[in-house]
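Student: Work the whole structure out from these sequences, hints included.
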Amino acid sequence: MGGGTSIGRVRGLGSAHDGAHHWLKHRLTAISNLILMSWFIVSLLLLGDYSYESVTAWMSQPISAVAMMLLSVSLFWHAQMGLTVLIEDYIHNSGSKFGLLTLLNLAAVGGAVFAIFSVATLAFGANA
Amino acid sequence: MLVSILHRATGDGMALVGLGVFLWWLGALASGPEAYETFLWAATSPVGYVVMIGLTWAFFTHMMSGLRHFVLDIGAGYELDTNKMWSMLSPIIAAILTVSVWTYVLLRDGGLG
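Here the protein sequences line up with chains A and B, keeping their order. Counting from 1, position 72 in the first sequence corresponds to residue 72 in my numbering; the numbering is continuous, with no gaps. Counting from 1, position 51 in the second sequence corresponds to residue 51 in my numbering; the numbering is continuous, with no gaps.
These are calculated hints, taken from the structure and not from any lab test.
Derived list of chain A stretches under chain B, where covered just means 3 residues or more per stretch with a C-beta under 8 Å from a C-beta of chain B:
no.: 1; stretch: 24-34
no.: 2; stretch: 37-45
no.: 3; stretch: 48-57
no.: 4; stretch: 81-92
no.: 5; stretch: 109-118
All C-beta atoms, glycine included, are put in the ideal place defined by N, C-alpha and C.
Tutor: And the structure:
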């Protein structure tokens, strides 16, 4: 942002061009979160017994395992977008913003992969 | 105004705290019975219950204001009285859902452990 010419002062201040796409993805993952979290909460309430044996037996079943993996992707994706907006709204220093957004993306992908790997470990009986 | 702030606070709070608990839970399950015992010990401690009940409240609050946003996104519910009613009802319904879930868990099972 130059301080000199009038065009220099406004150049680069327009639309980021991907706002509508971000907005839509945020809502699509909100819908999948709603469906999968409803399933997750009802399943946990029906399970009742939260011992290691009971929870792993439940999560090893194909439908539970796949739904847990989908939930992991949906949650981390939605959270990544929510935190992106938070950073964009409150961090105005471009260096800090770049650093935080980079960390956020690494953490979001890392978290989702860790969750999927953990569910897969149980589903494929690696500890059995 | 309050509903909007609550939506962001509960969403970002769950993203930072809730997903951490989620990963601890899954990682402990994948690591084996001892690691899961440690998780259960933490989850059933007084602080653990505060965190779990807080996350449940944050989830239902975010869900209710999110559902309200869906209605507003399709262009409905902008009349002043309708808008005001749902902005007040959303957090109240969320609180009722939170109390219902935990009353069920505590009365039926005596807790998480």
